[in-house]
Each structure stands twice: as structure tokens, then as C-alpha cells.
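Assembling the complex is the task here: the two chains are given apart, and the hints tell you how they should meet.
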Amino acid sequence: MSRKLTVVLLAMLILAGAMGLKTLVTSHGSDSVITAFGGAPPPLPPAN
Amino acid sequence: MPGPYEYGVWLICTLLEAAVVVSAIGKHSLRRYPFLILFMALSCTVSVGRYSVLRHWGQRSPEYMYFYYYSDALLVIGVYFAVLNLYSLVFDEMKVERYLRWGAILLLGGTAWFSYAVVQQSAHKILTNFAYELSQNLYFVGLVLTYLLWGAILKLRETRARLVQLVLALGVSFSAFAANYALLNLYPRLIEFRYIQYITPLLGCILPAAWAFCFLRVHEEAKLVPARLATAVTR
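First to last, the sequence lines map onto chains A and B.
Each residue of the first sequence is one higher than the last, beginning at 1 in the working numbering.
Each residue of the second sequence is one higher than the last, beginning at 1 in the working numbering.
Hints in this document: simulated from the structure, not taken from any laboratory.
Note that this is a predicted model, so its numbers are computed, not measured.
For glycine and all other residues, C-beta sits at the position ideal for the given N, C-alpha and C.
Hints are not guaranteed to be accurate.
[As the list claims (entries may be wrong)] The calculated SDA-like cross-link candidates involving lysine to any residue, where the alpha carbons are at most 20 Å apart (straight line), are: (1) A/K22 <-> B/V119; (2) B/K95 <-> A/V8; (3) A/K22 <-> B/I77; (4) A/K4 <-> B/G109; (5) A/K4 <-> B/K95; (6) A/K22 <-> B/L184.
[Claimed, not checked] Just some of the chain B residues that point at chain A, by a computed CB distance under 10 Å: (7) V9; (8) Q59; (9) Y66; (10) G103; (11) V144; (12) W150; (13) G151; (14) E158; (15) T159; (16) A182; (17) N185; (18) G204; (19) L207.
[Unchecked claim] Chain A is faced by these chain B residues, among others (derived, beta-carbon under 7 Å): (20) E6; (21) I199; (22) P201.
For reference, chain B alone in the conformation it holds in the complex (with noise of 0.2 Å):
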């Protein structure tokens, strides 16, 4: 059972999702970032569903990674829109919104296949496992399609200050996790230290306390310097 430094992390995390919705619908952004807003409510209502099945049956119940497998895909499928959200943002001006709409089906409807080409070998739980790997997958996609965003943010230009630092935390999100997964499984001996075992519950509040800062403190038409970010492509 997590203790009580994770359980106060986990609070945190959820807090700060509520916070992202309250101040993103109080500063009339709910048109503008519908998907993002609707990921971050979808998290908060995960967060207070999972914590109720784990107080019931605990960690390692059956129950509780049943929950967690499939609200992890619902997550990821709704990070996976507000991806898109922000992609429609970037690109609103070269009128692509067809083809973003077809890609976005396309990637989704491959990147589903896939993950039931890896788990139809199963001869039992083949939905949670395809649950799972779906996750897992569209996470990398995930990953992969901001990337290419912050790309194009370079590439374009562009200068709306909230859109680039909601893709930049995101971005930095998305890394964080890989990273630390990464670490982990190259370097197993790592989770004996106690500080990487304090550092990854963190790394869950990056995005909500990024997006948090960002629609509370970051007004809508501040823009960035130019230069700011040519600099960064030369650099």
C-alpha cells in the first residue's frame, strides 16, 4: 500500500487538475481548449475513482488493476485529443483541419490494430491486455506527436505565449515519464535509492501544475518575442 507521502502527492496531483478546469473555465477557455479542459476533468474523476477501489480493495487486487488498465487508456486516448486540440490551434490558419481530422483517425485507428496484433496471441484477459498495450502504445504516440508539434511551434513562429507553454509542458511531461521508465528499467537498482522513489510520484504533477500556472497567470493574447524562439533553432 502507498504510504503517506504518496497518498499526499496523489492529493496534490488531483488538486491541481481540479485547478486547471476551475481556472480554465473562470478565464472563459472552455471553447478554445475543450479536449485539454476534458482530459484534465476525466484525470480528476479517475483520480477519486481509483482512490475509492484501492481503499476497498487494495493494491494488488484484481479489481483495482482492472480499474486502473482501463481509465489508464481512457486517459491516454483523451490526452491523445488534447494533442490534437492543440494541434488544430497551431495549424488554424493554413486551413488543414480535414486532413489533421483524418491523420488523427488514421494514427488512432493503426495504433488500436497494432496493439491487438500484439495481444490476440492471448489465450485469456484479452481486453485488459489489449487495454494495456493500447496505452502504453498511444502514450509513445503521444509522445512522438509532440514532439513533431513543438517542431512545427519552431518552425511557424510561433508566438502565442500560453499555446507554446501549454505544448512545452506537455512536452516536458511526456519525457519525464519516458525518461524515468527508462531509467529504471536500464538501471533497476536505482529504485533502491530513496529519492527516485520520492522523485516519480512528482513527476505526475508536472503537466497539472504547468497548465495550472499557465491558464491562471498566462493571458490569452500574450505573445512571445520572435527572436526568443529563432534562437532557440539555432542554438
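Extracted from the complex, chain A is given alone in its bound form (with noise of 0.2 Å):
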């Protein structure tokens, strides 16, 4: 049962810190994307 809510524990703080470094890293955001990977060129980000 601790292994178990040791996972969901980890997956929680895995999301919040990758969540916390977008925040970080897009905070000063534009209207670039960051692109995945391959070389092909950004289009516009969609509108909402």
C-alpha cells in the first residue's frame, strides 16, 4: 500500500514540478511555440 501511494505521491510531484518549469520557462510568453522535436518549422500557435 506505500509503494502504491509512493507512486501517486511521485506523480504528483513529477507533474507539479514540470508544470512549475513551464510557468517558468514561458513566463515572459510570446507568440513562439516550442517545437518537439524533428526539424520541420512552427506554424502560428493555435488562437483560443
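Pasting the structure below:
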């Protein structure tokens, strides 16, 4: 049981850390997008 | 429209991705690294598809935008499973596959839920916005997972040279994209410098080049000297 809870806690910590890092990196957000992989030229981000 | 330099780098990147697939299959690594090879094959196929759509519709067309973001979401899910493939190899002797699997599902579900929560206010194009948000969020989840994996490799004194180099290449690639993105957002005037315009497309070649080198030149049984990793920890 404790191992399962550790997995849940770790997953939540990683998610929170990743979203924190994203906020840090994109806090001065412009129209540019973070391209994942490959060399294709990125289009404009979709409008909300 | 992209110029000859961008097209050239894109072509090199696609050829390197194909080289990873061919060399990994040629070295009988398909069973050991299935998701890494699947991701590279997917990336290569997506590149061909994107080129076709770009040539037909143009870079600013909605068709290219939709194709780009939906394929990007697929690619990021692919790289997420590639990272998990590396996790299962690093932790294979600890018999924690079941927990890794549950953690991975939970994390993917949590990221999808978070992405939906962000875009649910959108009045239209909710699916496109969801694909865009999911790929961006999952990118950072992959980045954090790769850093944690590198920490585990140092802690466990992992000595399998190919595995260590595959993880390092992934970490360098993730970090380079994130740093480039952060720099361009912090200093938008940097985009006016020509060298930045040349560097950005090159970042896409880091991962396939490093992985192709790894599968071609580093033998599966090759070991690192443990002291080198230990030194890296203490520095």
C-alpha cells in the first residue's frame, strides 16, 4: 500500500515540478512555440 | 516559407532519424529499445507528412497548423514512452516494472487532465488547443523525467555505456529546446541576430545524431568506468 501511495505522490510531484518549470520558462510568453522534435518549421500557435 | 537552409537542416534531421531506425534494427536492438525506435520511425514519418502538407498548403495555412500540432502531440507521447523505455532498462534489476507502469499511466492521465482544465474555457477549436496544450505540458513532464532518470543513473552508478549515452542525449536535446525557447522569450530581439536563426533549426538534429552515433558506434555490452560517474557526482 505504501509503495502505491509513493507512486501517486511521485507522479503528482513530477507533474507539479513540470508545470512549475513550464511556467518559469514561458512566463515571458510571446507567439513562439516550443517545438518538440524534428526540424519542421513551426506554424503560429492556435488562437484561443 | 522556410529557405534552403531550413529545408537542408530538416532533410538532414529526417535522414538522421531514418539512420537511427536502420542502425538500431541492424544492431538487433529492436527488442531492447522498442519505444525509442518507434518514436524515431514516427518522427521520420511525421517529417515526410509535414513536408507534404507544407508544400501543398503553405506554412501559414490552417491545414499545416492542424497537421503540425496533432502530429506534435503524437510525437511528444512517443518520446514520453521512449523515456519510460529507458526507465524500465535502468530499473530492470529492481523489479519495479508494475509501479513504473502505474506511475506512467497516472502521470499521463494527470497531464491530460491538466491540459483539458486549461483549454476548457476556449469557445472553439477545443481539440486543437487541447493537442497544443498537451504537447507543451508533456514536453516539460518528459524534461523533468529525463533529469530524474539522469539522477538515478548517477545514484545507481549505471555503467552501461549505450544506455547512459541515450539518456544524456535525450537530456541535452530537451534542455537545448527549453533553453532556446526561454532565451527567445526573455530577449525577443535575439531573433534579429542571424546566428540564432541558424542555430534554432539545428537543435532538432541533436537527438537523432547522438542516437544514430550511439547505435552505430557504442556496443550494447560496452561499460563505462564507474569512477567517471562517481567523479561527476562529487564535482
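Each hint, compared with the structure:
The straight-line distance between the Cα atoms of A/K22 and B/V119 is roughly 16 Å, inside the 20 Å bound, and the hint therefore holds. For the proposed pair B/K95 and A/V8, the alpha carbon gap of about 18 Å is at most 20 Å, so the pair holds. At most 20 Å may separate the alpha-carbon atoms for a hinted pair to count; A/K22 and B/I77 meet this at roughly 17 Å. In summary, the hint linking A/K4 to B/G109 is supported, as the alpha carbons are separated by about 16 Å, within the 20 Å threshold.
At most 20 Å may separate the alpha-carbon atoms for a hinted pair to count; A/K4 and B/K95 meet this at roughly 14 Å. Between the alpha carbons of A/K22 and B/L184 the distance comes to roughly 15 Å, so the proposed pair stays at or under 20 Å and holds. Hint status for B/V9: holds, given a least beta-carbon distance of 5 Å to chain A, under 10 Å. The criterion of a C-beta within 10 Å of any C-beta in chain A is met by B/Q59, whose closest approach is roughly 6 Å, and the hint holds.
Because the smallest distance between the Cβ of B/Y66 and any Cβ of chain A comes to about 8 Å, under 10 Å, the interface hint for this residue holds. Annotation: B/G103 was flagged as interfacial toward chain A, and the flag holds, the nearest CB pair being 5 Å apart, inside 10 Å. A least Cβ separation of about 5 Å between B/V144 and chain A falls short of the 10 Å threshold, and the interface hint therefore holds. Taking 10 Å as the C-beta contact cut-off toward chain A, the hint placing B/W150 at the interface is violated, the least distance being around 14 Å.
Because the closest C-beta pair between B/G151 and chain A is about 12 Å apart, greater than 10 Å, the hint is violated. Here the hint on B/E158 is broken, as its CB sits about 20 Å from the closest CB of chain A, past 10 Å. A distance limit of 10 Å between C-beta atoms decides the matter here; for B/T159 the minimum to chain A is near 25 Å, and the interface restraint is violated. Checking B/A182 against chain A by beta carbon gives a least distance of about 5 Å; that is within 10 Å, so the hint holds.
Annotation: B/N185 was flagged as interfacial toward chain A, and the flag holds, the nearest CB pair being 4 Å apart, inside 10 Å. The interface hint given for B/G204 holds, since its Cβ lies 4 Å from the closest Cβ of chain A, which is under the 10 Å cut-off. The closest approach between the C-beta of B/L207 and any C-beta of chain A is roughly 6 Å, which is under the 10 Å cut-off, so the hint is satisfied. Satisfaction of the interface hint for B/E6 is found here, the shortest Cβ-Cβ separation to chain A being roughly 6 Å, below the 7 Å cut-off.
The beta carbon of B/I199 is not positioned within 7 Å of any beta carbon in chain A (closest approach about 12 Å), and the interface hint is therefore violated. Interface hint at B/P201: satisfied, since its Cβ lies 5 Å from the closest Cβ of chain A, which is below the 7 Å cut-off.
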